[in-house]
Amino acid sequence: MRIWIRRAARNPLLVAGAAGLVIFVVVAALSDWIQPFPKDSQGATHIENALRSPSGTHLFGTDVLGRDVFSLVVAGSRISLVAGVSTAVGILCIGLTLGLTAGFIGGWLSELIMRITDLFLSFPSLLLAMAITAALGPSLRNAMIAVAITWWPSYCRLTRGEVLGLREKEFVESARAIGASTGRIMFRHVLPNCFAPIFVTMMLDVGLIILTTSSLSFLGLGAQPPTPEWGLLVTTGRTQFLTHWWVTTFPGLALFFVVLSFSLVGEGLRELLDPKMRKAGKGK
Amino acid sequence: MRTYILRRLGLAVLILLGASFVTFLLTRIIPSDPAMLWVGRFATPQQIEAARERLGLNHPWYVQYTRYIGGLFRGDLGVSVRTHKPVGRELLARLPASLELIAVGMAVGLIAGIVLGCLAAARPHSLFDQVTRFLSVGGVALPQFWFAMILQLIFGRILGILPLAGRMDLRLELSYPVHSVSGFYLIDALMSGNWVALQDVFLHLILPAATLAAYPIGMSARLVRAKMIEVLNEDYIRTARAFGVHDLRVFTRHALRNAIGPVVTLSAISLVYTLVGTFLVESIFAWPGIGSYTAQAILSNDVSVILGVTLLVASMTVVFNLAADLGLALLDPRIRLE
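Line by line, the protein sequences are chains H and Z.
For the record, in the first sequence the residue sitting at position 164 is 164 according to my numbering, with numbers rising by one throughout.
For the record, in the second sequence the residue sitting at position 31 is 31 according to my numbering, with numbers rising by one throughout.
What the hints contain is simulated information worked out from the structure, not anything from laboratory work.
All C-beta atoms, glycine included, are put in the ideal place defined by N, C-alpha and C.
A hint or two may mislead.
Said to hold, decoys possible - Only some residues are given here: those of chain Z computed to face chain H with a beta carbon under 10 Å:
1. Thr27
2. Leu153
3. Ser192
Working from the sequences, and respecting the hints, build out all of it.
Structure follows, in structure tokens:
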């Protein structure tokens, strides 16, 4: 364990990403206390204060409705964290269950699941998500559902691949020999063993899930005003962007920062777990 | 080889049928009524009924679907509910603008990514390597819609050296019109020797292309780096070095050729991502391509356009993937297509 920590500490990207994630989670958790103007993120407007440039009272300035951009960005962190993590959990539930079933049980059911997976993977996910949100009606919840529907197939494929490799291992054989049920073998013996690669991929993906959800909001298909969602904040500042840069710059920067942190951690973890990359590093 | 291509194409048709079916179902559950969109807000019930009849909405969904598929084989993608113009023609007219943007963005992105990846792999864990890795993760994590606006702000507004939006300056368009032959302004201006227009078109391309290039740069730099580090540790590289082959030649002839394979597969994925990226980026730069057209259509629930675009993008995805697999086989004689 200590070796792992030391090895992780030597990887500057992983450390930077982890630090970014800690900041993100802390800000999201304490968002109610950090916001200097908590009412602004709940829909209060002060037109007389509209479009003030950044200053001591308004760190990131104010938007066209006079709302404090700093408070909005801080409140947005919680929305993004909740949206990203809960969508990811949804994706994992669908992807893992179907992947396990396809890999472990096989037969026509596996064929069917994998063909559906192929069909979904042949679509660009953002396009499909756009079509689904258009069908369900624009809201943050529907955008999350749309992202989950378009994202599970890659996890289904990943899980199935892992399961196929594990199925013939001795410990599965012995579990079956002592009479464990198929369900028990699937969830207690096989599932925990294919978790590492899936977890790493998930770390990389949570950031991208947040990004996709925000992109949908940017297009007007996700969160609706006055929700302080980052993608939506970027759109609302669009019309005055060239003259009042702060309204869009800061929410976008926050989004970039969070997605980047997740990606750096995912990338760092992958390198940590991949012996090939480690060997190359040692050579130098 | 030929049977392989035929089988892949057959599979592609199946995938496209599936894709059209899924999208068709989706457009059926869209809460708005296409007939209402067709006639506008102030229509009488009779007019709405007439529109329903005209659009075939009174038939059961499977009749509508088979009619739609039948139309596809005649090259008919239906009519936009909002503008009453044929979707197919509209998409074709806008496709070159998007393809020009995508081609430039992808080319810049892939070349820059490959060069960065190689340089980083030459000295793994050096400062340059760390910076490249940071950039490559950053390029993928970048919110395109935000990056586009930041570029506009810096280069268009603050520095004032690049045009903010559009494909060509409006005044130049009148005084130095580009005679559209291929629809690709760069090529058209070049072929007709219209240098003033060429320069202007080029300047207009820089910012949107740079926005789209960020993703392929990140993806390819990361992949090339990882693959090159792996390949450079192989025995045959050491042998080549021992024989006194020049470093540059070892890199390009021996290492890169073996590391480039995954990049071909990846470029198909990047291409699709870039294509979808135009949905976000084109409307910011007022680029008259399919991206801005689609974003508009989705917001107004223009079902026939959504269907048409989905099919177009899905078929392009299938073609790109097939092209990547074939390209890989050409590049690497060890791969046999069965």
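Now for the hints, and whether the structure bears them out:
no.: 1; hint: Thr27; verdict: holds, 7 Å
no.: 2; hint: Leu153; verdict: holds, 6 Å
no.: 3; hint: Ser192; verdict: violated, 34 Å
Going down the numbered hints, you'll see the structure goes against just number 3.
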